[in-house]
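A.B. asks: Chain by chain, the residues run as shown.
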Amino acid sequence: MSNGNAILIIDDEEVVRDSCTQTLAKGNYRIQTASDGNTGLRMIKEFKPDLVFVDLKMPGISGMEVLERIQEIDATLVTVVITGYATIDTAVEAMKKGAYDFLPKPFKADELRLITMRGVEKRKLLLDAIALRREKEIIRENLTSIVSHELKSPLFAVQQTLYAFLAGVAGELNLAQKEMLEKTKNRVDMMLKMINVWVEMTSMDFRQLRERFKPLDIPGLLSKALEMLQVQAAAKNIRLVKHGPSSVEPLDGDEGTLLEVFLNVIGNAIKYSEAGTEVSIAIEDRDHELRVSVSDTGVGIEKEDLPFIFDDFYRGKAQSKTGELGSGLGLAISNRIINAHNGSIVVESERGKGSTFTVTLSRSKEKQDRQ
Amino acid sequence: MDGKRILMIDDDPDYVNAVKMVLEKANYAVQATYSPKDGYQALENGAFDLVILDCMMGRGAEGILIARKLKKKKELGELPILMITGIREQTGFFFVGDPRDETYLPVDGFLEKPVRPDVLLQEVEKLLGR
Chain A
1 MSNGNAILII DDEEVVRDSC TQTLAKGNYR IQTASDGNTG LRMIKEFKPD
51 LVFVDLKMPG ISGMEVLERI QEIDATLVTV VITGYATIDT AVEAMKKGAY
101 DFLPKPFKAD ELRLITMRGV EKRKLLLDAI ALRREKEIIR ENLTSIVSHE
151 LKSPLFAVQQ TLYAFLAGVA GELNLAQKEM LEKTKNRVDM MLKMINVWVE
201 MTSMDFRQLR ERFKPLDIPG LLSKALEMLQ VQAAAKNIRL VKHGPSSVEP
251 LDGDEGTLLE VFLNVIGNAI KYSEAGTEVS IAIEDRDHEL RVSVSDTGVG
301 IEKEDLPFIF DDFYRGKAQS KTGELGSGLG LAISNRIINA HNGSIVVESE
351 RGKGSTFTVT LSRSKEKQDR Q
Chain B
1 MDGKRILMID DDPDYVNAVK MVLEKANYAV QATYSPKDGY QALENGAFDL
51 VILDCMMGRG AEGILIARKL KKKKELGELP ILMITGIREQ TGFFFVGDPR
101 DETYLPVDGF LEKPVRPDVL LQEVEKLLGR
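Going down the list, the protein sequences come from chains A and B.
For the first sequence, position 242 (counting from the first letter as 1) is numbered 242 according to the working numbering, and the numbering increases by one without interruption.
For the second sequence, position 70 (counting from the first letter as 1) is numbered 70 according to the working numbering, and the numbering increases by one without interruption.
Honestly, the hints are just simulated from the structure, not real lab data.
Please note that the accuracy of each hint is not assured.
Stated by the list, open to error - Here are the simulated distance ranges between beta carbons: (1) B:D38 - A:K48: 48 to 56 Å; (2) B:K37 - A:F47: 15 to 23 Å; (3) A:E284 - B:V119: 43 to 51 Å; (4) B:V119 - A:M194: 20 to 28 Å; (5) A:G352 - B:V119: 20 to 28 Å; (6) A:E182 - B:Y34: 24 to 32 Å.
The model shown is predicted, which means the values in this text are computed figures rather than measured ones.
C-beta atoms are modelled at their ideal positions from N, C-alpha and C, and glycine is treated no differently.
Please model the entire structure based on the sequences and the hints provided.
C.D. replies: Below you can see the structure in the form of structure tokens.
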């Protein structure tokens, strides 16, 4: 910042204000001072400081109250409290009110300089974090429209051309040619479908899911998922075994997205399992929650991959035996869906021994929210 | 059906070509244009029986604007418009099966990309037979 960071000093003692201003004068700062809390708060709106020093003991509104109000105005403003009554209690209280640090009177010039530097640095980090979050959001949105437009447009052209050939408009095809084109067309169809899922899922506002909630029969939904995955499992001779009650008290949720989660987690288990093994799906009905655990004896997940597997576009090192590549979005989306259900999804895994994904859906929370 | 003239406005020449092949095989006369400007120009210079329009020209769903503009032109009369589009690619518009608002999108037919040749020909016949 060419103009330097803006620093506001709120202290009723003129000598403190002056000495602070002098001490910091050599640094690249813009400094203003206020002799009481109300003046200081008014100045914050115009001066827009990065760092505010607040004396705790002042006539008029107290330093603690000033801290509270600053938090309301801008929670990213960094505040440091100055006081002659440095006790652990006041320090703790100030920190609770959002103060970043604490400067006991009397203090040395170096102490002030150091704490100022750190405060300004803290402010920068806070602003950077906000900018990064925002940037990430923009990238996510842009990615969605890039993926959808730039990938789908050429695929539409390819697909439409294949349709034309298959319809024989460029001359009759022999059987072998027809079969090959048919296969190609199916591959492109799959691709388009996958892109649609990505786009819908990444651009979806999961907070709006709650509006679609209705009582769901979770074991029934699981059976549906298992049925849909049967072909995939049979192709690898993997047995899908369901444990637990086949009927439980209905639980509020969104059917479409929860089915997506089950398909995803169980689909992963099949994908990363050896042929001829078993994937077990256990339902556990507890008082306030329902747990669905999916266990496989497959390749498992590397320890270093574990913290990231729910991140967007993250793919672990483990490859499925057939070399199938995931979208890198399945678990990220599942995680978001489950979060929108006030639930949790956790994994336990060991490389080479298999993984267990547990989805916990809370019942009590739903009820509280409805009231 | 011989001699019926169809104007296509779509910014993807490869896509246009694939559709054109099917239409020409069915003995329609097809003129392809790849921008709204060329589309309007073609309409001024010649008579058409049907316009096939893509929705996502450029970035602003320009096809929708073209459809509105064409429907306002008295001299074009009852010229039917068939929209073939991958519009779902831009989320937030509308989804399959949603009722279409006639004032928002004044088209006579609506198909999604990619469109099967038999479905395309059926729809074109329907619109031309009115």
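A.B. asks: Each hint: holds or not?
C.D. replies: So, going through the hints one by one against the coordinates:
1. At roughly 52 Å, the beta-carbon separation of D38 (chain B) and K48 (chain A) lies within the given 48 to 56 Å, and the hint holds.
2. Taking 15 to 23 Å as the suggested C-beta distance range, the pair K37 (chain B) and F47 (chain A) does not conform, at roughly 53 Å.
3. Judged by the Cβ atoms, the range 43 to 51 Å given for E284 (chain A) and V119 (chain B) holds: they are separated by roughly 48 Å.
4. At about 23 Å, the CB distance of V119 (chain B) to M194 (chain A) agrees with the hint of 20 to 28 Å.
5. Between G352 (chain A) and V119 (chain B) the Cβ separation comes to about 50 Å, which falls outside the hinted range of 20 to 28 Å.
6. For the pair E182 (chain A) and Y34 (chain B), the beta carbons lie near 30 Å from each other, so the given range of 24 to 32 Å is met.
The structure shown violates the earlier hints numbered 2, 5.
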